[in-house]
Amino acid sequence: LAKTTQPISMDSYEGQEVNITCSHNNIATNDYITWYQQFPSQGPRFIIQGYKTKVTNEVASLFIPADRKSSTLSLPRVSLSDTAVYYCLVGERNTDKLIFGTGTRLQVFP
Amino acid sequence: DAGVTQSPTHLIKTRGQQVTLRCSPKSGHDTVSWYQQALGQGPQFIFQYYEEEERQRGNFPDRFSGHQFPNYSSELNVNALLLGDSALYLCASSASGTPKETQYFGPGTRLLVL
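Those protein sequence lines, which keep their order, are chains A and B.
Residue numbering for the first sequence follows my numbering, beginning at 14 and increasing consecutively.
Residue numbering for the second sequence follows my numbering, beginning at 173 and increasing consecutively.
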C-alpha cells in the first residue's frame with residue numbers, strides 16, 4: 014500500500030515563500046486533501062482544504078494537479094511562528110480510511 | 173465556543189494496566205475520531221465513532237476499544253498496556269455532512285507506560 018509521503022524537513026528564512034509537497038497516489042476518488050499544522054505537544058490545527066486545482070485562504074494556498082496524486086501547500090512570507098510540523102491528510106482509496114502524511118518539519122530562521 | 177477537550181492531559185501507567193481517556197467534541201459536532209501519535213511520528217488513525225457506533229477502524233488490536241455517548245462525547249480504552257502504547261492520544265471531532273478530512277483536534281493526552 015503506497016504511503017502518503019512528504020519531505021522530512023525544510024528550512025527557510027522569514028519573509029520567504031515555502032512550498033511543501035505531499036505525494037498521495039492512493040487517494041480516494043471523492044475525498045478532499047487537507048493540511049494541518051502541529052506545534053510540539055499540541056493537536057494538529059486545520060490550515061486549508063481542497064479537492065482540485067487551487068484554493069487560497071488568509072494563511073495559505075493549496076495547489077492540486079488534475080490527477081490529484083500530489084498536493085502542494087504554499088505558505089507566503091513565513092515568520093518565525095510558522096516553525097512547526099506540517100501534515101497532509103487524505104482518504105485512502107478502497108478503505109476510505111484517513112491517512113496522515115509522514116510530516117514535514119519546517120524551521121524558519123530570522 | 174469550546175473546542176475539543178480531552179482529559180486527562182497526562183497519565184502514567186505500568187505495563188498490564190488499563191486506561192480510559194476522555195474526549196468532548198466541539199459544539200455542533202457529532203463524530204469523534206481517535207489517533208495515536210508516537211514521538212516524532214504522524215498521527216495514526218485508531219477508530220471513529222458516529223451515532224454511538226464504531227464506524228471505521230484502523231490497524232489497532234482489540235485491546236483498543238471505545239465508546240460514544242448520547243451527548244457525542246467519547247472514551248478510548250486501552251487494556252493490557254504495553255510499553256509501545258506510550259504516545260500522545262489525540263481526539264478529533266467533525267460534523268457529519270462535512271468532508272471527513274475536516275477534523276478539529278483536541279490538545280491530546282500524553283500517556284507514558286512504564
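Wrong hints could be hidden among the right ones.
A few chain A residues that don't get close to chain B, going by computed Cβ distances all over 10 Å [to be verified]: (1) N32; (2) S54; (3) Q62; (4) S74; (5) D80; (6) P89; (7) Y100; (8) D109; (9) L111.
Think about it this way: if two alpha-carbon atoms lie no more than 25 Å apart in a straight line, the pair counts; the simulated SDA-like pairs of lysine to any residue are [what the hints assert, rightly or not]: (10) A:K110 - A:E71; (11) A:K110 - B:R187; (12) A:K16 - B:Y276; (13) A:K16 - B:L260; (14) A:K82 - B:D257; (15) A:K110 - B:R229; (16) A:K65 - B:S268; (17) A:K16 - B:L183; (18) A:K110 - B:Y222; (19) A:K110 - B:G230; (20) A:K65 - B:S258; (21) A:K16 - B:R194; (22) A:K110 - B:G188; (23) A:K16 - B:Q228; (24) A:K110 - B:T186; (25) A:K110 - B:L286; (26) B:K198 - A:K16; (27) A:K82 - B:T274; (28) B:K198 - A:F52; (29) A:K110 - B:Q189; (30) A:K110 - B:I184; (31) A:K65 - B:P233; (32) A:K110 - B:L183; (33) A:K16 - A:E71; (34) A:K16 - B:D257; (35) A:K16 - B:T192; (36) A:K110 - B:K185; (37) B:K198 - A:S92; (38) A:K16 - B:H239; (39) A:K16 - B:E223; (40) A:K16 - B:Q213.
Worth flagging that the hints you see were computed from the coordinates, not collected in a lab.
If you're wondering where the values come from, they're calculated on a predicted model, not measured in any experiment.
No residue lacks a Cβ here, since even glycine has one placed at the ideal position from N, Cα and C.
Q: Give me the numbers of the hints this structure contradicts, sorted from smallest to largest.
A: Checked against the structure, the hints that fail are numbers 2, 3, 7, 8, 9, 10, 11, 14, 17, 20, 21, 22, 24, 25, 26, 29, 30, 31, 32, 33, 35, 36, 37, 38, 39, while the rest are satisfied.
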